[in-house]
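> Take the given structure of chain B and dock chain E to it, following the hints.
Sequences listed follow chains B and E, in order.
For what it's worth, the numbering used here labels the leading residue of the first sequence as 1, then goes sequentially.
For what it's worth, the numbering used here labels the leading residue of the second sequence as 121, then goes sequentially.
Derived by calculation from the structure, the hints in this document are not laboratory data.
All of these numbers come straight from a predicted model, not from anything done at the bench.
A couple of the hints might just be wrong.
What the hints assert, rightly or not - Below, computed lysine-lysine pairings styled on DSS-like, alpha-carbon distance capped at 25 Å:
| no. | chain 1 | residue 1 | chain 2 | residue 2 |
| --- | --- | --- | --- | --- |
| 1 | E | LYS170 | E | LYS123 |
| 2 | E | LYS559 | B | LYS98 |
| 3 | E | LYS538 | B | LYS102 |
| 4 | B | LYS102 | E | LYS451 |
| 5 | E | LYS559 | B | LYS87 |
| 6 | B | LYS98 | E | LYS451 |
| 7 | B | LYS84 | E | LYS321 |
| 8 | B | LYS60 | E | LYS253 |
| 9 | E | LYS328 | B | LYS84 |
| 10 | E | LYS267 | B | LYS84 |
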Amino acid sequence: MIRLFGAAHKNFIVPMCLAALLSVSWIVSAFAANPPKAFNGVCPPFYIKNQQGEIINPVKNQNIDQPYSPKQTCGTAGCHDYEKITKGYHFQQGKDEKPNKKLASLYQWVLSPGQYGGRW
Amino acid sequence: MAKKENTSGRDIDLTSFEFVTSCGVCHPGGGSLEYDRNGNRYDRFAADTKSGITSGGDNKFDGDYYKARWAETGVLEADCLMCHMPGYNMNSRNKQLSMLNFQWAATAGAVLASVKGEVKKNEKPAVQYNGEKFDAEGRLNVPMIKKVPTENCLFCHLETDWKKKGTSYSHRFDVHLRAGMKCVECHPAGTSARDQRINSKEEHNFGKGDDPGALVRDDLDNTMITCEECHGKGLNRAPLMKHASFTDGSFEVHQEKIAYQTCHVPQKAVKAALVQDSTVVNPQPRVPGLKRIWSFYGPDVKPWNYYGEVEFAKNKDKPWFFYTPQLRSYKGKLYSVNSLYSVWYGLKTAGKSGLDQVFMQDIWGLWSNVADYPLLAGITDDNSDGFKEANRAEEIDAAIDSMTAYLKKAGKLNKSQKIVLVKGNEMYVSGKEKVTLEKQPYEYSAYGSTFKLSHDIAPAGAALGASGCADCHRKDAPFFTRPVMTDPFGADGKIKWTPAHKMLNYTEDDLKQQTQER
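With the rest of the complex left out, here is chain B:
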């Protein structure tokens, strides 16, 4: 290594080290300003929460008599957009849609084009 950075290159070592330090400090400051929320698609360990948004902690015996709330746990800490996610048709099952004219004219009992109030 010393030979690689021999006399011919020694004038570059100090600027290179400074550049590296600056790069690291830039990355650290950028990271602090915009902490990664997605964690590259991997959820880190997290606290589960009850319906009131309070932490349920089995180690510290906090609120351990209550079921967890997926909405409060996954959706309120800024990690996931619960409202957007639940607009998907798997969640709405047609509740957010009206039957089209043809469907409505044929099926008097149909309230939506999906499973919620839909046809068989």
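Coordinates of chain E only, in the frame set by chain B:
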């Protein structure tokens, strides 16, 4: 599903509350299982004294709150882990629903805790968390995965796609599953989606096809990954299509007129329901609840105790049954489909278009009191297949008259309404008077769904055409000439058939042209 506003309990069949226990066994929560039709969260609205909701009360016959107990059960929020957690216990989750422990279901399903006690028995469920699922700080630390595992999709689709489409979802019959692909490879969502209509962060509208039998979010039809994207362009490192047997250069013509699935789903290995009759109740073992009103017939037009088989054999052990799927023309292309032929009681209201239907509970109510309706004894099993059916004029009259009498007695039939019996696209006003209803060419009736078959894809070597033109175009080729059912029980009790080409509205000249020697 009951309307939001009703004037009496007689107008109500399935409420939003009952939707949770019956349909919630598949639906992942959120949306219709969390909010009422005015946008209020069910449990909070019910618990608010200003709302005037009484637990278990009539609640002004509100279809969202009639006899409901939301304040005690809580709601079903969208359960992220149901899809994103390998090893999620769907049975455990659904057991909570049957006990009316709605807000405890997600905890039990993810096996984060044991839950004891039932709201149904007026108990307050007790929770005991499983310490193994948490780290030393008390944070949840369980396996999760962004791309939903196939097993989790199949919690719901394994059964529902059995009856509708005869989908096996097995490695034996599906080349894509055998290749280790997940459902979400073809049905992506979020930033994995290629169609801009569904491509955005956290978007949970999955890429979908265009099924004539599924009408939810039709604006998102054809957002899934197509056959061409993988096998034409090499997406996902798929093998590129060759179609080497089309030596006459006719591949493009086929491509224009026939869907890929039609050739690559040449045979089915699991039954789908071809006929659903809810006018005559036939005793069948192991069928739960009101599902007993349905008599299903398989692709061979023989009685099929579908729900009994589900209970008996369970979803993963679907019995094999080999048959050739139906063909129908949809939007200018030929598809392999399962088209359902339905037989049911309709309610025709004077001055109103279309039809209403009789509640399941009333069909069961009628057939549970056969002694009170002696005409029903005249409905017999004319074709000795094991199921009784209303096929003769006098049997159709017996069915219509008995149901009319039952509903009148129950105060559920007003003067402007008349009971009819709908069989395929024929609406019987009486045994001797019928009206032919409009329908699309791909369906038996506007009241029977047609489902395209796009799973259980056979390998290239097993596809139609792999052995050359003669697979479909030889003289008397079954592709065009095989019999297709048009009536499961005619007036003489016999099954009526027609050749496949007639079902597709091909003329005899068309047939000659298609089946000449090549």
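> Going through the numbered hints above, which ones does this structure break? Give me the numbers in ascending order.
Those not satisfied come down to hint 5.
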